[in-house]
Each structure stands twice: as structure tokens, then as C-alpha cells.
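Residues per chain are reported as follows:
There are 2 protein chains.
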Amino acid sequence: MPNISEINNLLPWLLRRENVAHYKDGVVWIGDRRKYPFAREFVRCEDVEEVARAIEEMVTQGGGPWVAASLGMVMAARQVAGKHPDEVRTALAAARTRLVNTRPTNTALARRLDDLMQVALQALAQEESVEQAILNWLETLRDRGYEDYAIRAGYGASLMQDGDGILTMCFAETAFILSLAFAQQQGKRLHVFTPETRPYLQGARLTAPSIHELGIPVTVITDNMPAYVMSQGKIQKYFTAADLITLDGHVVNKIGTFQNAITAHYHGIPYFAFMWGVDSESPNRAAIVIEERDAHEVKRCRGLPTTLDDIPAYYPAFDITPPHLVAGVITRKGVLSPYDLANQFA
Amino acid sequence: MPNISEINNLLPWLLRRENVAHYKDGVVWIGDRRKYPFAREFVRCEDVEEVARAIEEMVTQGGGPWVAASLGMVMAARQVAGKHPDEVRTALAAARTRLVNTRPTNTALARRLDDLMQVALQALAQEESVEQAILNWLETLRDRGYEDYAIRAGYGASLMQDGDGILTMCFAETAFILSLAFAQQQGKRLHVFTPETRPYLQGARLTAPSIHELGIPVTVITDNMPAYVMSQGKIQKYFTAADLITLDGHVVNKIGTFQNAITAHYHGIPYFAFMWGVDSESPNRAAIVIEERDAHEVKRCRGLPTTLDDIPAYYPAFDITPPHLVAGVITRKGVLSPYDLANQFA
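Keeping their order, the protein sequence lines are chains A and B.
When you read off a place in the first sequence, starting at 1, and then add 1209, the result is the number in this note's numbering.
When you read off a place in the second sequence, starting at 1, and then add 1209, the result is the number in this note's numbering.
Since the hints were made in silico from the structure, they are not lab data.
Warning: the hint list may mix true and false statements.
Far from chain B, by Cβ distances over 10 Å, these chain A residues were calculated [unchecked claim]:
#1 S1214
#2 E1259
#3 G1272
#4 F1402
#5 E1405
#6 R1414
#7 A1417
#8 D1432
#9 Q1468
#10 R1511
#11 D1528
Short, incomplete list of chain A residues facing chain B, as computed with Cβ under 7 Å [what the hints assert, rightly or not]:
#12 W1222
#13 W1238
#14 Q1331
#15 A1332
#16 Q1335
#17 S1338
#18 H1421
#19 I1425
#20 V1429
#21 I1430
#22 N1433
#23 G1465
#24 V1507
#25 A1526
#26 G1543
#27 V1544
Yeah, the Cβ is synthetic: ideal placement off N, Cα and C, and Gly gets one too.
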């Protein structure tokens, strides 16, 4: 397996570790995925509220929010360093609550910040630097995260055959992009179709340029085209990330993932979801909270109105794909049946 | 049944006869559906080439192109009025070819212009005004068209029940909008969901404002949301227009219609397509030519880029829904099985 530096060098600009988010001189810098690929800029955040707003305003997404939120906690710790432990605890708890509330669907963010709080409170109890303790925990976790990406990407690449047409949705992040890079290294010729993923266009803006940067053929389509492209025999596999996979095999991911899974199933095309982490507090579909975002966003495309302002709209940000439409869940333990997750991870 | 004037008054602005296209003082005025609903403007065309370009550039769509093309033929006739019959014939044939080539998928346009040519050549042979003969033919056909709309809308309304949530796609035009108006007159409460229909946003720009103008609740969603909205139990019926229905029951319509039909079938939701006309020269799926439009258009939304210019895109403008996903075809003879069309119309 390539080491972490080699992995980082294989990745396109957007996914390189320093470009997701970094901390420098007490300030958090978050790679601005709203402006990419038209500009390569960072949003500067000086406190937790600015980080929370950046997450809410979709400055980052996918694997970005937990890193940004953790760096927000680092800032919170720095800002109360040396204060009375009660004050530090209160400030950290308030920061955690604010940051967790940015993404109600992605419960993994909440679990990560729970772990972070333990590290922070332990450092506090031992009169160590809470700021440094969180930073150390985060860097170790990011290292392990890249190792995880590489393990899962190895399994992802193993599912890709020479000549495959591959559908994805939204921005399936490092595990998927790294799978493509590994498959490419193995000499497999692939062609990826990326639905643009309205309303934020992550497919067109993030996925397509990232794959293009790797030199792998990629074609942008609109979100109403996947079934027709499948019917033409151009798609052999469907891969996405997952914001959450419940222990009973329901995949929660960006809106549109579910309908692509239905149409893939209709065409006999297997659907594979990369598992990011396990949330033992989300045992089944009933435990899922689907985030509804501001419906106004559905009536805008890159800031321009798509219809009249007084017409109602609806914006569920995620959907749920049931396990019978999932051919495999790509985990660090291998490509698992969605019905085997409880056995493996409960 | 309401008369033609009453029908026209029931319709929203966009679908009123005079706002689709009209002819005045030798000039064709086409309602500009690219600018609607942000502006209510007409494109002025002084010759066939300008009409053809307007059709190609999507100034009008649905039931608009054949009217605009016919008015283009009126202009062509006017411009060679009094010339030698051979010259008139040559000019009309050239105009017909140019106009038919604007829409390779919509073979009904070609059939309409074939009929128009017969009328024109007959007038020419009888030394009557070709311009006036085409105009008379067109007005009679438009009258009959509105009667047809009302008949099919009666059947459409009969399929809608009080409390129904209805999904549509793109802009299903007069038969569908009139169905909603009739159902509303019958006291049925409906709620319509309109996918925005990228890349041209006809659902957001044309359908939603038209339904809103009728006072019927309507909600705009993006094209990746229909399956999730269905899974919430919010959709009971799916209705679309059709650019072409083959005699063996394949429905050709705006890209996305097919995947919505698959997901509707998955959820046990019936799909009904309004039949606009019959093309006896399109017996089956093999006879269908799917128009591929300039892929550059997929990378734009209201003129703004959605990705980098050097990334490839793909733009099939239509897709094909097979008969086993079609619950009924709404024709002037009633709601027919897609498997019965050859018996009824061959």
C-alpha cells in the first residue's frame, strides 16, 4: 500500500489534505468547494461560529465538515486556554453543540465530536494544552483516515474492470477518486459519468474536474439522464459515497442516489456504496433524520433564479437507498453484503 | 365541452393561442419560452431561416414548433407569391426541409409539414393564394387541436382524484395543464410536483408558473428528487406529454421521463402519457431517432458555467419509456393500453 504522502500526491487538488482544511496561526482555513473549479480559494474562519456557518453554507462537504468542525474545536480551545476548567468545559460543550447542529443527517460528525470531547476533557483534567491535544488527535485520525481511504479504494478498484463505464453521484470523495487512481495504475481503462447533482452541482463542479485532473475520461450529464445512459449500455457499475449507512444496510446519501440505484437495479447494474464510518446509534431506517435545507436554494442555480420567487419548492438534501438495491458496501473489512453490517460492526 | 374561446381563457398566459405564435403583417412572432417567466416577450422572425433558428434555439417547444414552422411556411409562400410555380415549389420544398431538420426526434413535425405541403401545392395548382391557404389550414388545425386538447384533458382529469399528488416532467403542455384546470373545476384538490428539467429548466420556468397561475398548489424540485418524494407517499400519479409515441407503445419524451417512469413503477405509481398525434411511420423503438443536442448546453445553467469548459458532456435531449412502464396512453379515443395503439391507430 502506498504511504500517506504518496496517496496525497495521487489525489487531485481538491482532495489533498491541506486543501480540505488546515489550521495556521490560530485561524482555520477551509477549501472553498462552492467556488471550485472556477477558483481555488480558502474561507478564513476566526471562531467557531464562522466555521459553523461555513459548514452550513456548504463551503465544504463530504469528508470536509468533520475536519473543519474539529479545527473549529481547536480554535474554541485556544480561545479559552488558561481559563477556569468549568469555563473551558462550558465553552467546548457550546462549540460542540453549535457544530453538530450544522448537519443533522450526518450523525458521524456528532460521533467524531463526541470522541474529540473526550480527548479535550482528558487533556484538561491532566492540565495539558487542550488545543494541542485536539490537534494531535485530529492529525492521527486524518492519517488513519487516509489509510482507510486507501484500504477501501483497493477494494473499490478491485470491482472496476477494464472497459467499465462507471456512474457516480454528487462527490464521492477520496475513497472513490482513489479507487479510480488505483484502477488506472493497474492499467484499467474506465469512463466515468458524473450527474451534475443539483442544486449545488457537486458532480459537475467537484467530481468531474477531479477525475479529469487524474486523466481519466469523464462525461458530465444532468441528473435526469442516468437511466437513459444506462439503457445505452454505457454503464457497468454505480459507485457513491454515503453520508450514513445504518446497521441494517440503508444507505443515506445525496438526493438522487436512491433513484439512480432504482434505475441501476432495473438495468442489472450493481450499486456499491463506500462506507465512511459506522454509527452504532443508527441501527435502522427509522433512526434516520433527513435534513431539509432551505427550499429557496432549489430555485437558484449558481445564484441565478430558475423560477419565480413566489413558487414553493422542496429541498430534501439526502435520500435513503434500501439494502435490496445495494450490491455491496465497501468497508475496510472488504466488500460486504448490506445485510451483514450488523454482524460486522454492531 | 367548453368552446375554443372558453378553453383559451382557462389556460395560463404561456399556453394561450396568441402567445404560442402568431402571424401579423408578414412577420412571425414566437412567444419566447427561454425568457419566460422572467419576461413575457416574443421573437420576431422575418424569414424561414429565422424561424428555423428560433426553433433550434428553443424559443418555443412542445406544441409550439409545428405552429411556428407552419407560420414559417406561410412567410416562405408570401415571399415567392406571384413567382413561377416551379420557383414556388422549389422555395417551399427548401423551406420544409430546413424546418423539418430543426427537430429530428419529433417526427410529428415532419408529418404536419407534409400535410401542409399538399395544401400549398393544391392552392398553387388552383392559382389561389398559397399564403392564405396555409393560414386557413393552420387555423382549422389549431381549432381542431384545441378540441383535441379538451377531449384528452377530459380523460386526464378523470384519472385525477381528490387529494392526489401528481408528478410531471418538463412542460407537458396544454392537454396536461387543461386536465388540471378541469379537475380543479370538478372540485378536486391536487398538488403537483414539477422537476426543474435541466438543462433548459422547462419544469421550473414553464410548468410551475403555469400551474401556479391556475391557483393549483405546485412545488418545484430538482431532477434528482422524484424517487424520494415518491417514497414519502406524496405522489399518486405521474403524467407527461410525449414528443412521439410509437405504435408499439414506446413513449419518447424529454430526457428524464424514462427514469421517473422506472421509479414510479418501483413505487406502484401509474404513469400516463398524453398522445399528441400518431406517426404511422414510427411503428417501433427501432424507428426512433434520439436527437443529441450540443453538449455544451449541459455545462450551462441560465448561461452560467456549471463546470470547466474543457470537460466533456453528453446531451441526449429525449429518452424512451418502454410500454411495460406505461399505465395508459391518453388519446382522443380514451385512456388506452400502450399495447393497443397499433390496433387503434395503425
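Checked hints:
1. Non-interface status of S1214/A relative to chain B is upheld: no Cβ of that chain comes within 10 Å, the nearest being about 27 Å off.
2. The beta carbon of E1259/A sits about 27 Å from the closest Cβ of chain B, which is more than 10 Å, so the claim that it is off the interface holds.
3. Look at G1272/A: its CB is around 21 Å from the nearest CB on chain B, clear of 10 Å, so calling it non-interface holds up.
4. Interface exclusion of F1402/A from chain B breaks down, the closest Cβ pair being 8 Å apart, not more than 10 Å.
5. At roughly 6 Å from the closest C-beta of chain B, the C-beta of E1405/A falls inside 10 Å, breaking its exclusion from the interface.
6. Chain B draws R1414/A into its interface by the beta-carbon criterion, the shortest separation being 6 Å against a cut-off of 10 Å.
7. Not every Cβ of chain B is farther than 10 Å from the Cβ of A1417/A; the closest lies at roughly 5 Å, contradicting the non-interface assignment.
8. With a cut of 10 Å on Cβ distances, D1432/A falls inside the contact zone with chain B, its closest approach being about 4 Å.
9. The claim that Q1468/A lies off the interface is violated: its Cβ sits roughly 3 Å from the closest Cβ of chain B, which falls inside the 10 Å cut-off.
10. Non-interface status of R1511/A relative to chain B is broken: a Cβ of that chain comes within 10 Å, the nearest being about 4 Å off.
11. With a least CB separation of 4 Å from chain B, D1528/A falls inside the 10 Å interface cut-off, contrary to its annotation.
12. At its closest, the beta carbon of W1222/A sits 12 Å from a beta carbon of chain B; the interface hint therefore is violated under the 7 Å criterion.
13. The interface hint given for W1238/A is broken, as the beta carbon of that residue sits about 23 Å from the closest beta carbon of chain B, more than 7 Å.
14. The beta carbon of Q1331/A is not positioned within 7 Å of any beta carbon in chain B (closest approach about 42 Å), and the interface hint is therefore violated.
15. For A1332/A, the interface hint is violated, since its Cβ never comes within 7 Å of a Cβ in chain B; the closest pair sits about 43 Å apart.
16. For Q1335/A, the suggested interface contact is broken, since its CB lies about 48 Å from the closest CB of chain B, more than 7 Å.
17. The interface hint given for S1338/A is violated, since its Cβ lies 43 Å from the closest Cβ of chain B, which is over the 7 Å cut-off.
18. Satisfaction of the interface hint for H1421/A is found here, the shortest Cβ-Cβ separation to chain B being roughly 5 Å, below the 7 Å cut-off.
19. About 11 Å separates the beta-carbon of I1425/A from the nearest beta-carbon of chain B, more than 7 Å, and the hint is not met.
20. Because the closest C-beta pair between V1429/A and chain B is about 4 Å apart, less than 7 Å, the hint holds.
21. At a threshold of 7 Å, the smallest CB-CB gap from I1430/A to chain B is about 5 Å, leaving the interface hint in force.
22. About 3 Å separates the beta-carbon of N1433/A from the nearest beta-carbon of chain B, less than 7 Å, and the hint is met.
23. Below 7 Å, beta-carbon pairs count as interface contacts, and G1465/A has one with chain B at about 3 Å; its hint therefore holds.
24. Using the Cβ-Cβ criterion of 7 Å, the hint placing V1507/A at the interface with chain B is satisfied: the shortest such distance is roughly 6 Å.
25. The beta carbon of A1526/A comes no nearer than 10 Å to any beta carbon in chain B, farther than 7 Å, and the hint placing it at the interface is violated.
26. Contact between G1543/A and chain B, as hinted, is not supported at the beta carbon level, the nearest pair being about 29 Å apart and thus beyond 7 Å.
27. Given the 7 Å rule on beta carbons, the hint for V1544/A is violated: about 25 Å separates it from the nearest Cβ of chain B.
When each numbered hint is compared with the structure, violations occur for hints 4, 5, 6, 7, 8, 9, 10, 11, 12, 13, 14, 15, 16, 17, 19, 25, 26 and 27.
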